[in-house]
Amino acid sequence: MKPAPFAYKKVRALDEAIALMGENLDARLLAGGQSLMATLNMRLSAPNLLIDINGIGGLDGIARNGDTIEIGALTRHVQAERSDTIARYAPLIARAMPFIGHAAIRNRGTLGGSIAFADPAAELPACLLALDGEVTAQGPKGKRSIRTSDYFKGLYETALGPQEILTAIRLPAADGNTRTGFAELARRHGDYAIVGLAASARADGKGLKDVRLAYFGVGNTPLRATKSEAALAGGDVDAAVAALDLDPHDDIQASAAVKKHLAGVLLRRVAAQLMERQP
Amino acid sequence: MSMDMDITLTVNGEAVSERVEARKTLVDFVREDLGLTGSHVGCEHGVCGACTMRVDGVIVRGCLMLAVQCDGAVVETIEGLSDSGEVADLQAAFEQRNALQCGYCTPGMLTAAQELLQQAQANNAVPSREEIREHISGNYCRCTGYHAIVDAVESVAQERSKARAGAQS
Amino acid sequence: MKITPDSPPVLSALDRPNSYIGRAVPRPNLHRLTQGRGQYVSDVTLPRMTHVAFLRSPHAHARIVSIATEAAKKAPGVVAVVTGAELAKVMTPWVGVLTHLKGIKSAPQYPIAVDRACWQGEAVCAVVAKTRAQAEDACELIDIVYEELPAVTDPETALDAATPVIHESLGDNICFERKLDVGEVDKAFAASDAVVEATFVCGRHTGVTTEPRAIIADWNEGEQRLTVYQGTQAPHMMQNLFAKHLDLSESQVRVLTKDVGGSFGIKVHTYADEMATVALARLLKRPVKFVADRIESFVTDIHARDHRIKGKIGVTKDGVITAFEIDDLTGIGPYSVYPRTSGIEANQVVNLTGGPYNCPNYRAQTRVVFQNKNVMCQYRAVGHPIAVAVTEGLVELAAAKIGMDPLEIRRRNLFPDDGYPAQTASGLKLEQLSHHEALAHLDTMINYAGLRAEQKALREKHIYRGIGFASFIEVTNPSAAFYGVGGARITSQDGATVKLDAQGLLTIHSGVTEQGQGTEAVLAQCVASSFGISMDRVRVVTGDTDNTPYGGGTWASRAAGIGGEAAWQAGKALRGNVLAVAGAMLQARPEDLDIRDGVVVDKATGAERLGLDELARVAYFRPDTLPPGFQAELMATRHYVPRGWPFAFTNGIQASYLEVDTDTGFVKLLRHWCVEDCGTIINPQLVDEQIRGGVVQGIGAALFEQCLYDERGQMLNGNMADYLVPMAVEMPDIDCGHVVSPTADSELGAKGAGEAGTAGAPACIMNAINDALRPLGAAPLTDMPFTPGKILAALGKI
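Chains as they are written, first to last, in our numbering: chain D, 1 to 279; chain P, 1 to 169; chain U, 1 to 798.
Accuracy of the hints is not assured; some may be wrong.
So the derived list for chain U, only partly shown, Cβ under 7 angstroms to chain D, looks like this [claimed, not checked]:
no., residue
1, I295
2, D327
3, D722
4, L724
5, M727
6, K797
Keep in mind the hints are simulated off the structure, nothing from the lab. Even glycine gets a Cβ: it sits at the ideal position worked out from N, Cα and C.
Please work from the sequences and hints to get the whole structure.
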């Protein structure tokens, strides 16, 4: 089980990577490599060129600019896990982080890589959707921002163009009224979840408003449960569960019926987190 | 573009310059090109942890990195950690408690456990059994059932904590 | 934290000065392994070594119409591209049958499929190249035309007239069947106050050794000799098979087994791709290495346990078990695996069901059928987890039906501790077991009454915890009754040779092997104790057919009980030889001398008389100073085979305490206990670790592991992300306790301990889950693994 042959180029600048992608349509970008390398080893993917972007300066880092948190694409999971800025201003990311893989994976895996790969069972894409974040991308035509609602297109498919590189994600910075919730059910710690739920809301007196529920592991992309959001904002958890209209497929770990049931259980658990007063 | 590349890196404190195929994983490189067979190949898709080693001070899966990515890096394998004595107490605890049977997962397990113990050291904390279990959950052992491994890591955590307290007083 | 205390020596014969028997001494080979200085086959390289990769069938059943290899042959680094037809000229096929499994049949199997692939993953072509990567590159250039054939996948319909027959020459898809009817089963059921029936399903699973299968074969044309480095449990068995199918004498074949990254029964079989590797080395006259990658391991390492059993138990209102009845069905892939056959597991299910209980009425049927999936064969605790799940599942269901405590029903039916020798309804002969003492020990160890009180209190808070038990018997120390009588050249005896070197240190050569169980420690302990020397002065050599006595290797928990006894006897024999030399040198009577802590002493006073280094110096370099006619014999060999009993049965009981999240169907394991009786305990730490590791393998079966196939015979989860092996955080702490009933068949009295954990854990977890859910009216769960979905379904939530 060895990868098919490929060439390798470590680039130092985004422009260099973008140009190389233009010249090599079979090229793949290599960031943390924690998903890509496994597919290469299994020959599920056989690019002719790997463009290693780990040497591009300025793409890692976590910064707050007023009411926005910007996380560079090459920020490793472990950096986010230990970041005070994340803990304070992006608590949903902080809640999700311990569920992602294992220590050695989090040491290498990047946040940008996870969002670009867009595994429908992964935690971070759902967090991004729940937070109504933005993806920043750079391509031959320059830089652009993509709203999360426009970003996830299909199974492992995003709005990124063939020569575009995800450079950062931007999230609204949490304040005193931000509420977040996160839960997932995986048969073993660190595995992809059977079903998971990332949620954000704003405190509204004793209730909630702007509720965003983003499920993962139940479709081709992370999915909002908009009807349940409205019910939850109305303070009715039972109605929110009843309003779930997910339509998952059977997979190896669980049937659609199990996933739907568990989605309801998670909603109750996450709703309880959202109701809690949070620091 | 060439399928082979020249790389220069430091492995277990030694300067290494080799020409490698771009597609070669780090674990295959240290095993086949450098003869450091203590890092083991278990699954080649990042699940079993048998190839766990350190790159630039943090543990990684040796099967999920390419050797060419380590140009300029500092790589440490079980052979280096052993020869430097860094994990001698952990190795002794594993031996004392029979926390290994076939031994194939052990280099990766020791390397992973050492990172937890270093973090505990930095935070002046002693990890609980639960925390130990969680941290080594990326490392598959089919033989022991993990109990003895947890015992061994826990005992070293406690001993190192005592040593810290002793050094401070 | 609990560190295993040393057990007191049990037999006076073993209680020699400085005895290591019963002591938790660390294994001498561990330091090498913790330093990463082990030498596994996957680590070995030889001059001119090549690597083989196999192109494998993507279909479960297909005719091979044509194979075009021209492009592959021209690929960089390629040494040879070899088809099944070409390799069939080098190596003869094999058929996995044994004469004592009456009626068992199978078809000839070739190293590489010749004209038909019978399961997804069967090798259909080999590429030998300078590197594994190049061999894989060239595999992509081979063009095979297949004609897909209908795949037989469901054992339930494998015997239907409408189902195609996989091997026409066999006439049907039945591999083996057995029926047993003992006592008066129908009468017993009729006289019962309650009869409980349930269908149990054990999921197909596999071993997932951390080091995959690995082999290097090297044919030396000059010597006309084959050297094979193989991660195997049975080097001498493989030596015989390589010789037989290459038409060589056994003396032309040397099998070397160094460190092995886990076995568990996976590495005790004949694998077509390993046989092909050996044949390729012969063909190419140079070393060929094959290391199975993880993906091919999942579709070629033997699978096991795929059984559906309809079970029935009768019980009186006083809790007396009146009868057991089972109907077992298993699908074992397209071939019975060579040479141990794929009939043994089903045979064991019939033998072992009801095994702990004194119940004379038993009826059983098993059918073993062919199918187009990967082969199944013997994996750790062969048949036990299935038989124990059925037996213990039925016993606890019966207890619940009559409202009796699950420990109480066992007390009323387990063979009495003072009633041995005894015989089970299936005919197994039991020398001496200790079910009741083990149960009493467990009752105390887990604070059963306290646990029940806690369980009750928590139920009122809607927290559902369960306590489950499993009593079991375990086959260890097999005699020739296991394989030898069926015509297989798998030896049940084992040998040990001990020699005193010129510096007075010992080396032992043994026919049993080390895969992590601690065999080498046990051998060193036995020799050091019986000879009288410290363990650090004993070097152990195993795993080399050129340099060890002929032996069976390590499987069926035989290494300690059989290999250990041979070592003990060899050490004793050498002590006699050495004392003869000492007597000659000291002009003393040998029987007045002893060896203690590596020194010849006066037996009565313990006074030191002569160092072994001095004795060896004289014996080897100045034999001229010894009396005329006296010849020192400083090497002794002894063999041992169990003769008194076909198997040394052990027994024990496990308990599980767990919590079921009734919203999610997730199970959290809180604690696990095992009390077992493996006779004399040579090294309590090694026994405990065998139990713990075995328990976790059993937990894997109960909660996580299953090889999933679709109806076309495609494995759906053949990777480590989707096939769920147990990892640390989901596993509980496991406490072990012991009762000691030595076997009188050997001087040591040791039985095996390798299967006990795996044998009992699945049943134990199943019973605990059902105990947790019983107050909620859930239907009993009997279909392993117990996934969240199955638990939610039992609770009526989906």
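Going down the list of hints, with the structure as the test:
Proximity of U/I295 to chain D holds as hinted, the smallest CB-CB distance being about 6 angstroms (cut-off 7 angstroms). Taking 7 angstroms as the C-beta cut-off, the interface hint given for U/D327 is violated, the closest approach to chain D being about 28 angstroms. The interface hint given for U/D722 holds, since its Cβ lies 5 angstroms from the closest Cβ of chain D, which is under the 7 angstroms cut-off. Interface hint at U/L724: satisfied, since its Cβ lies 6 angstroms from the closest Cβ of chain D, which is below the 7 angstroms cut-off.
Because the smallest distance between the Cβ of U/M727 and any Cβ of chain D comes to about 5 angstroms, under 7 angstroms, the interface hint for this residue holds. With 7 angstroms as the threshold, the beta carbon of U/K797 comes within range of chain D, its nearest partner Cβ sitting at about 6 angstroms, so the hint holds.
Figure legend: structure checked against the earlier numbered hints; the only hint not met is number 2.
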